[in-house]
Amino acid sequence: MIKGKGISLSPKQIEGVKEMVDLTGYTLDEICGKSRVRRVAFARHAVMAFLRTEFKLSLKKVGGLFNVNHSLVLYSIEKVNDYLDNPDDYAPRLVKTLKEMRKAARRANR
88 MIKGKGISLS
98 PKQIEGVKEM
108 VDLTGYTLDE
118 ICGKSRVRRV
128 AFARHAVMAF
138 LRTEFKLSLK
148 KVGGLFNVNH
158 SLVLYSIEKV
168 NDYLDNPDDY
178 APRLVKTLKE
188 MRKAARRANR
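In the working numbering, the protein residues as written are 88 to 197.
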């Protein structure tokens with residue numbers, strides 16, 4: 088499970104993360120791992136971005152959950168926003184998955 092030093096998520100947020108991860112087609116271990124395979128890394132970026140933007144976790148907390156620094160979290164947010172703001176430039180399936188992930192994050196954060 089996603090756990091950082093002294094950082095925890097509410098049960099509802101954990102369910103939201105699980106739902107987002109399920110939408111990627113990867114396992115939680117793959118998402119939380121260090122794989123640099125493009126698709127896995129992008130799925131990780133998406134989960135980090137939505138933890139920050141939808142769950143309102145600090146950059147430090149999100150970075151702590153994935154054992155990365157805050158600048159990678161910022162990069163993740165920029166990358167995901169670019170995909171969502173310019174959907175015609177990217178694969179429709181990818182944009183659809185990102186929108187579904189954002190909905191899952193929003194449901195979990197109510």
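FYI, nobody ran anything at the bench for these hints, they're computed from the structure.
Careful, some of the hints might be misleading.
To be verified - With a cut-off of at most 25 Å between alpha-carbon atoms, the simulated SDA-like pairs for lysine to any residue come out as follows: (1) K99 x A178; (2) K99 x R123; (3) K105 x R180; (4) K148 x R194.
If you're wondering where the values come from, they're calculated on a predicted model, not measured in any experiment.
Going down the list of hints, with the structure as the test:
no. : hint        : in the structure
1   : K99 x A178  : 30 Å, violated
2   : K99 x R123  : 29 Å, violated
3   : K105 x R180 : 20 Å, holds
4   : K148 x R194 : 20 Å, holds
Against the hints set out earlier in the document, violations occur for numbers 1, 2.
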